[in-house]
Amino acid sequence: MQIFIQSSEAISCRETFNQKGFWEGTLRDEGDAVRPMLHPDYKQYIKGPSLRRLSMVLRAGVASAASCLQRGGVDRPDAIVVGTGWGCLEDTTRFLSQLVENEESLLNPTPFIQSTHNTIAGQIALLLSCKGYNMTFTQKALSFETALLDAWMLMKEQEVRQVLVGGVDEFNDETRALMQQEGCLSDRFFYGEGATFFLLDTQAQDAAVELAGMRLVFDQEEAAALAQNLQDFLEEQQVAPGAIDVLVSGERGSAPAQGVYKEVEAMLPQALVLRYKQWTGEAQTAAAQGLFFAERALKSQGVPAGDGLSSVADKQLHYALVLNHTQKEGTSFVLLHKS
Amino acid sequence: MAQQIVVSGLGIISAIGNSVAENLAALKAGRSGIGPAEHLASRRKSDFMLGEVKLSNADLMKMLEVDPEEASKHSRTSLLALAAAGEACRDAGLDLWDGDRGRLALVSATTVGGMDKTERGFARRDQDASFIHTHPSGDATNLVAAYLQLLGYRTTLSTACSSAANALMHGFRLIQNGLADKVVAGGVDALSVFTLNGFNALMILDQEWCRPFDEHRKGLNLGEGAGFLVLESAESAAERKAKVYGRLSGFANSNDAFHQTASSPEGDGATAAMEAALRKAGLQAGDIDYINAHGTGTANNDLSEGKALKRVFGAQVPPFASTKAYTGHTLGAAAGIEAVCSVLALEQGLLFPGLNFKTPIPDLDLQPLTELKASPGIQHVLSNSFGFGGNCSTLIFSK
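As you go down the protein sequences, you meet chains V and A in turn.
Position 71 (the first sequence) corresponds to 71 in the numbering used here; numbering is contiguous.
Position 98 (the second sequence) corresponds to 98 in the numbering used here; numbering is contiguous.
Quick caveat, the hints were computed from the structure, so don't treat them as lab data.
Only a predicted model underlies this, so the values are computations on that prediction, with no experimental measurement involved.
C-beta: ideal position from N, C-alpha, C; glycine also.
Among the clues, some could well be false.
[Unchecked claim] If you anchor each label on the Cβ, the simulated ranges turn out as follows: (1) A:Arg240 with V:Lys315: 48 to 58 Å; (2) A:Gly349 with V:Ala224: 48 to 58 Å; (3) V:Glu182 with A:Lys399: 27 to 37 Å.
[Stated by the list, open to error] In the DSSO-like style, the derived pairs of lysine-lysine whose C-alpha atoms are separated by at most 27 Å in a straight line are: (4) A:Lys73 with V:Lys328; (5) V:Lys262 with V:Lys156; (6) V:Lys156 with A:Lys280.
[Stated by the list, open to error] In silico negatives: residues of chain V with every beta carbon more than 12 Å from chain A: (7) Gly21; (8) His39; (9) Gly85; (10) His117; (11) Lys156; (12) Gly183; (13) Asp219.
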């Protein structure tokens, strides 16, 4: 059985929302601050008084999900699976601050209710009246991929046909500063935020890109071992390394994980390399944004130019590999195919 | 043909004991672990009855032989998870297993991860923000995987109070899809000032002992702990001559899509989850011998769950009870702890009763089991877990 990406949508720190290609507008030098996501007009997607109650990450999640489904021509998927690394960070911080300031009395429960990780998937279900399977994964830098794998398994078991799967994370300068203070940041790279969704379907329409396979690796850190693992994965998929046309790489420059990215790049000599984090920043669910760029590259047969518009590639693009490697957290390979 | 996935190891730590044996003894004796909390650093803790694990963090580290130099890496959450997941691994013989440890997966679940440590450090974070390491929910999972040398796949689910049931489902699928040989799956949550105050602000905490399914129930008692199970294929268990407690024979998740925190009045999500789990197990409602209910003791849950039970089982609702009156509602751990209780019911041929029940809910006319009952022929136990976000999960364990 094949699994296709019927449609995709991304709210990010770029004008990616509601675009046919990658994004609109020109890139600016971002420095290393947190670049917030660009919020669309949520009134189109969330009706009535519920909009006011929802935090920004919930609005972004719900709107991105709704727009993704619209694009895929589906009212209601069979299942919803979301990955989020930090969860609902703003409301968690808000409730913690209230606890300290009010000394555990007179607390407003709304930020507590919305602090729960699965509020994102739950609110999407509520908006769509989707009574199907509803799941939320939170495994740091692999949060999105374990969600994607869950959706994958569900579809392979033929329990469902259409699954909405997404990666959602908000972030802020305060958390970034705390990470810096505790020595978690090894380089100066900007952080982004995002709500990226995909409608997976076992039946393809039109020009849908196939989600051909995926593999997650947790017990290997060495570049050579991971490259061998990728080799095995591609063999299993019956795809030669030279057939990979696009490598969507999570490399962000000076990070210590660079060795792995370089090794994989060397293994895929024909691949155009898209280092997507230079556009959308680092995030726990950055791999969802990587998958978005990969799907759009194959679908549009182009790669982002400086202005974000698709510039036509000088060859046909059939295979894209999304690589996400985070030291001590794990590695993911996601393979896309467009015939 | 679907593989048979069996349970070959159990681990639990809760207010009623620090091991499976201690928990079983308390369940048999009808002994609740709920009372005033000693270790939780809340200025309001004397206002509430809580199901606290009777060990300080220092006691836990001593019990687990955690290197004192590594103490700062842990939240109470990771310590509780390590206790229960470690016991499950030893019970299944995975501590000494000499196979490929890259094929051992860990699927954990939690609602707030390392929140207990976050909230202790939050007010003075400009001086010490070391909680930033332990706060993400996946951190405790990474630590447990490293300690127990579960070197394969790992992830963490967070779907509020049904989290651990969903971890067991994901674990089942990992084995069925050939992505792991054996999976340690379950859930954990430590009591936190954050959740205590959150639930209090929602006005769903009973200041007395909780009274699941009683007309005069006033809310839940929060608890803490961890419950983990080892899952593997029946062939794998047979090959290594492992003890088999039973099978995870059915499961399902569905969404109530009614309200962020409240269950639908007729229990739509709960009904759908139970019916789909029965279908998955290839069972009829009448095949179920015992139900470990979600049974939080809130006005909303027990009525909604009760109505769902009547919709699924009609006039013949099997003996049911909620073990939350023993352990408190342990949130992300609850479905793991209750999965262990359900498997123990199967293994021991015992139906564990609820506690603190006096008066049936008039609209329901359902009476939970109030006395320990022997049931040597028991074949199938169903366990319900429902959470915020409309998340409804059902597991079925079979002989």
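Numbers of the earlier hints that this structure fails to satisfy, in rising order: Numbers 3, 5, 9, 10, 11, 12 and 13, in rising order.
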